[in-house]
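If you want the building blocks of each chain, they are given just below.
Protein chains: 6
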Amino acid sequence: MQDIIGQDIKSITQDILADYDKKRHIDKLDVFNQPDTKVIYELIGELTRVAYPGYVKDPHYRIYDIRNNLSMVIEDIAFRLNKQIAIALRYGMKLDEETLDATRTEAQRITLAFLRQIPQIREFLATDVEALFDGDPAAESADEIIFAYPGLYAVTVFRFAHELYKLNVPVIPRIMTELAHSKTGIDINPGATIGKYFMIDHGTGIVIGETTEIGEHVKIYQGVTLGALSTSGGRKLFNKKRHPTIEDNVTIYSGASILGGDTVIGKGSVIGGNVFLTHSVPPETKVSVKNQELRYNMGSCDL
Amino acid sequence: MQDIIGQDIKSITQDILADYDKKRHIDKLDVFNQPDTKVIYELIGELTRVAYPGYVKDPHYRIYDIRNNLSMVIEDIAFRLNKQIAIALRYGMKLDEETLDATRTEAQRITLAFLRQIPQIREFLATDVEALFDGDPAAESADEIIFAYPGLYAVTVFRFAHELYKLNVPVIPRIMTELAHSKTGIDINPGATIGKYFMIDHGTGIVIGETTEIGEHVKIYQGVTLGALSTSGGRKLFNKKRHPTIEDNVTIYSGASILGGDTVIGKGSVIGGNVFLTHSVPPETKVSVKNQELRYNMGSCDL
Amino acid sequence: MQDIIGQDIKSITQDILADYDKKRHIDKLDVFNQPDTKVIYELIGELTRVAYPGYVKDPHYRIYDIRNNLSMVIEDIAFRLNKQIAIALRYGMKLDEETLDATRTEAQRITLAFLRQIPQIREFLATDVEALFDGDPAAESADEIIFAYPGLYAVTVFRFAHELYKLNVPVIPRIMTELAHSKTGIDINPGATIGKYFMIDHGTGIVIGETTEIGEHVKIYQGVTLGALSTSGGRKLFNKKRHPTIEDNVTIYSGASILGGDTVIGKGSVIGGNVFLTHSVPPETKVSVKNQELRYNMGSCDL
Amino acid sequence: MQDIIGQDIKSITQDILADYDKKRHIDKLDVFNQPDTKVIYELIGELTRVAYPGYVKDPHYRIYDIRNNLSMVIEDIAFRLNKQIAIALRYGMKLDEETLDATRTEAQRITLAFLRQIPQIREFLATDVEALFDGDPAAESADEIIFAYPGLYAVTVFRFAHELYKLNVPVIPRIMTELAHSKTGIDINPGATIGKYFMIDHGTGIVIGETTEIGEHVKIYQGVTLGALSTSGGRKLFNKKRHPTIEDNVTIYSGASILGGDTVIGKGSVIGGNVFLTHSVPPETKVSVKNQELRYNMGSCDL
Amino acid sequence: MQDIIGQDIKSITQDILADYDKKRHIDKLDVFNQPDTKVIYELIGELTRVAYPGYVKDPHYRIYDIRNNLSMVIEDIAFRLNKQIAIALRYGMKLDEETLDATRTEAQRITLAFLRQIPQIREFLATDVEALFDGDPAAESADEIIFAYPGLYAVTVFRFAHELYKLNVPVIPRIMTELAHSKTGIDINPGATIGKYFMIDHGTGIVIGETTEIGEHVKIYQGVTLGALSTSGGRKLFNKKRHPTIEDNVTIYSGASILGGDTVIGKGSVIGGNVFLTHSVPPETKVSVKNQELRYNMGSCDL
Amino acid sequence: MQDIIGQDIKSITQDILADYDKKRHIDKLDVFNQPDTKVIYELIGELTRVAYPGYVKDPHYRIYDIRNNLSMVIEDIAFRLNKQIAIALRYGMKLDEETLDATRTEAQRITLAFLRQIPQIREFLATDVEALFDGDPAAESADEIIFAYPGLYAVTVFRFAHELYKLNVPVIPRIMTELAHSKTGIDINPGATIGKYFMIDHGTGIVIGETTEIGEHVKIYQGVTLGALSTSGGRKLFNKKRHPTIEDNVTIYSGASILGGDTVIGKGSVIGGNVFLTHSVPPETKVSVKNQELRYNMGSCDL
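Protein chains in written order, with the UniProt record's numbering: chain A, 1 to 303; chain B, 1 to 303; chain C, 1 to 303; chain D, 1 to 303; chain E, 1 to 303; chain F, 1 to 303.
Here chain A stands alone, though its shape is the one from the complex (with noise of 0.2 Å):
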């Protein structure tokens, strides 16, 4: 009985590998020189702890100096990080060798232009506690912020992975915030422009698209959407302005959608909740959805 099934799982195994001769997408079948999803999964719990040294142990080694540590983390990172960039510069050229010595000196370039801005994102980072910790009253400490708020986290990897965007790295900083999106259900594109002291509460389910530009002092609460008013005109609209710009110090309440890459949030603005904005609104505006006309009934019919 085993021998038929294993006559049957033979067949069926040819039919799967004869499907991948249909040349699609899906069908590549070459296996070296994809960036590794685990590898960077792992360069981003690594760069966490660079950026908080005092809120993550090092899971192999007990210290008494953390600075060393500090160290070999850091060169941890700069070794992983420049085979990935190497490899996802490569991703889809030929490769001739010529390529191949080109990419090699211009990963190295990029990982150390990398991390010579790490002091510089620490900055925004520690601005981005503050905010959280100063805007949230169920906070207890700045502590407790760094261990386990998900906003934290996820500004967090979007501003190390914004830095690869903008020295064009492909498919690394998307990768990377995406692992953010999945732990957190904050979803915020590499390509955005987040100025200091951001502070987001909740999260979940909170977009903020591409070519968003956020100023300093803003907060965002669950569900709020920084979207495009229409991505019908698809791959067009490729390198487009189709997000919104969001000025210094304003706060949008949950579930608000601010759509469109010409929508202007004036500094000082307040969005209320579930507020569906296509347009603009000037400085220290306080937007809130007028009268929702709600049924109240008090039978027993079904809504």
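In short, the hints are calculated from the structure, not lab data. Errors might be hidden in some of the hints.
Claimed, not checked - Computed list of lysine-lysine pairs in BS3-like fashion (alpha-carbon distance at most 25 Å, straight line):
{"#": "1", "chain 1": "F", "residue 1": "Lys-83", "chain 2": "C", "residue 2": "Lys-38"}
{"#": "2", "chain 1": "C", "residue 1": "Lys-236", "chain 2": "A", "residue 2": "Lys-267"}
{"#": "3", "chain 1": "D", "residue 1": "Lys-196", "chain 2": "F", "residue 2": "Lys-23"}
{"#": "4", "chain 1": "C", "residue 1": "Lys-57", "chain 2": "B", "residue 2": "Lys-38"}
All values reported here derive from a predicted model rather than from experimental measurement.
Keeping the supplied structure of chain A fixed, place chains B, C, D, E and F upon it in accordance with the hints.
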């Protein structure tokens, strides 16, 4: 002191063990024959490799010939899925020898039938990738989509789970889609019917109910609910069509809710953001929230 | 060439290390005595096994007598939770010997008190399972709910975390609920009070704030916010009741927002999808969005 | 270039696969139902914990009550040993349903019989520890012996393996003693009969043959062979007594060889280092190499 | 207090780091390009699976068709062995680009040459298994030999290592045989030449030197040395024949030493236990220790 | 049926648990505070990396600057060794608070003292490597020796263990050398005193007793015993010099036994293979077995 606590722990343990004698669902103590969530999760990983062979490295073997590798993976899927299906079939049955034999045979039949559908499933997935690439101006390449897009991941898992659902496998399809739900925030019931070229963007918060029917070339954005009008009927609604029908070429923007088993969104329609629909619309209709009246305050009052 | 880069890495590393001297929250370098997120996550897994013993295999031992196994798991929870609680209590304190002893004793007291509550917690969980099974026509069996439903998972973790919250354990309860948030998209603050027979369906995007009070037999769907009216008061609102009260037998459909510490939803009420409520409603009220005016275009214009 | 090599690998692989068609012992391709060396090794680890419970930590659970823990370990041994025994019994048989059932029942019978012997085995092991502690002036404590002495480890594994040997379990006893051989250099055939208070010191190079009989209070040092006179008879000697008998209170110093099935070393005898014996000696005999004539050169010539 | 110790650790660390500046062999600090012992050990495991495919389970995949599985394993061996060989070839060379290319090509050539020899190696191994089964009355079955006999394991590893030795691969062959030495106590230098039907019984303590030549149907027991007469010449003896020649059908019993590059043991000879030979013997000679004079004391005096 | 067996297991388990009440050494049930063999084994690995930094890759981090890496490893050793030493010191003591504090302080003192000896230990190891390279014509390079030679491994572990032995650490030194014994078949008691330029070749079966003293430039081959004349005195011999003294530049060939605390092998002597010595020899003596009389049979009789 250690001993005093040991004593406390012992008595607490006795109390908790006594608590298992109450014959509630949660007091089931049998530990054999339940499906193994961890194995099912690994099977999803292997099925994903079969679906997109050039995008995931084998974690165990370095390879020259990916076809050999895929043969192995398919065999491994066959073995382990067969075992999980047999467990799921037996689950809750009384285990006499005859039933055991019958479920063993049935599990093999189902496993083979499932594997035979893989080329068919991949035909659908190829169209989903194409739809995402054509529809998302932020995508750099089809590769980026396969590596990073949660929408594609959720649909991929759904398509495999749906096949098992059609083969009447209990529990496993739902475990599969809930794992994707956990990773992506996209909740597609394995019972739904979804046509080719299905595109989900961002995706967090999407709910697609069990009896939903979706045509081809449909696009859905984050926060969309394709749900039941009301669930106050509870278990009486089991097996009724409770969720809407979405015809070909429909686009549904973020936050829209379309409810009810009789609701049909006609071909080519576009449902705007935050629209709440409980009735059908004819083909080629563009539905949007008409006039969300907003209140604009320039003062300093709180929202 | 290697050496030049080694040189670069070395100087970059120096710069990053220098960046830790700025005395911001993120510059904390002490690596002892912070709670270990990984351990807390494993404790959740063990607590889940204690809650639903027949649904999760022991990963380490094959067993004949699950009661022996559960005894072991309970002891392991006692040990490791005790350690984490002691760490959390000390966190941020100055560590003189006296404090160390005091926190050690206090951690033991709390751990035992927590474990004593487990039968009580399981009594609530049993009702939650029942509510889900009765309320969801898509559920094949109560087993499927325990295996796969994210709503049950989030509530389970919440109920354990809430018990620790009541015992004034810092940081850990929040880490626990945020882990559930990450897995399910359901964000329940451990401070909330939730009665028996609580049912969450789909769940992604739900936010339940710290001072929310929820009665028995309440059902909540995806995207519901039980939040604060405004958080512009920031830390001044600490410890104020900022979130609503939901009485018994209330159902809240997807996307609804109910805000404010004085807002009370009376018994038996039904809150419709997308309703935005900042005031109380009396018992047995059915609230729905009255007339979302929709625009229907049959033409080809973009939304 | 990659492709040329891929081609080479492919053709080499074909040649190797073709090599499996030669029907030698080494060409067996069936991969089911062979005993799993890794599992047997883990079983030895668990049996060692049952033998010396206070000396090995549970790698998985922290415990207050070691008796709960040991209950679990015993159950795990029962499960996994039962499975390995069933496999070993079936090994090489034709697998019709009847045989399968018979071996399943037999495996259970053997497993239970084996477990029932554990207190008896421990009674012997307690004497072995005592003998080592009394006999070795280098031992600081009995604990050191249990933690570190290879002689005790080899004897412990032997005593368990011997019990399975007596129950006619194929292959597994030998795999067990060979694992101990690999760790200690002490090769005790599971068929040997060894009395209480058995002491091995240093131990590397000791060989104790299958039909050896050893009394109580026997001490053996490194490099001792208790062997067959000649094996030139090959398989014709199967099941014959080929190895010596060592009576109570005998000490055998390092490098001695005692050969032959009829050789009896009488009670209380002492066999000196490097003695080569192929005949019996009466009780209370002290045998030593009489006059190893040595050449003493004071010059510079090479040996 | 912590800080004082941290200070001590820091100064101790400085001292140890300073110790690496002494330019001894052990002060090499370069960590690239050394062979990876762990990988070589895993390669041995994979080669063993290729040698005896029906005796070792794949740890990663469950399989229906072992030939697919073996194809994968062979590819994995090719990949990883190739890399290790390249490293070993480069080891100690100055790494200019040209050398790198040359070693890369050479490593590929060697890897392919090695793989091509596998059927040939297996032909020898098949005879070794046969010899063990025929020669050991304690063996229940050929399977037991393949599962458990250290002699076969050591010879298997030797035969693979010897092939690499013949291909002039540095370091790796010795690492391979030392790993077998560690597991079995049998030390066969990869340079030795060993004919078919080679049988080692028990084996602990066997040493077979680099320039030993062994014919067919030779049996060797534990503690046998086939060594050099003297090594006082040190490195001047490099590449000289320093070890004996053993012709066909010779048996060498336990503890015998046969030394010297000119020593030839003629065909069919039998060398008895503990014999110390530094000269040749003609074919068909039986050599035994003539009259080990023993002293028998019946008194109570110490040896 | 399952239940019947469950019943059997339960009663067997009870019997085994009852067996722990007999108050023998092996019945110790306390599971705290015993040294952790696994950790000690890992510490050996880390000490080996500190000894030969260029020869072992860090398994966790890729590095540019091995000095950073080694700093980390040294800190990790400090931490974990300190903990193990504290455990070993307390082992068997009654644990009142005062003792706890005293052992904590003592453990720190010892750990620091041990670490301070590392450069000294490395000075000895450097000479051992040199001796092996000069003395073994089969060694291709000093690297091969460090990678693969069991003799060097055993001596390395011994030198570290001996330092702890001198600092009066209980149990741990012996666990360390027994781990090396298990890997190499070379049994060096941590109490032995061994000078620089110590060379062990092949090594299996070597035993070097606790009170042995060995000078500089000594070479020892496989199967050599440096042992006690008799151990029949048992524990009364504790702390007496029972093992020989080997002066500088002595070579001892394979299988030789040198026994007794008063036995001194004078400088520059060469002890031949299989020599059995229980008395001293003056400097520059060459001792060999004079005339091992051999019997040569050309007939067919068995040995």
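_If you test the structure against every hint from before, which numbers come out violated?_
As far as the earlier hints go, not one is violated by this structure.
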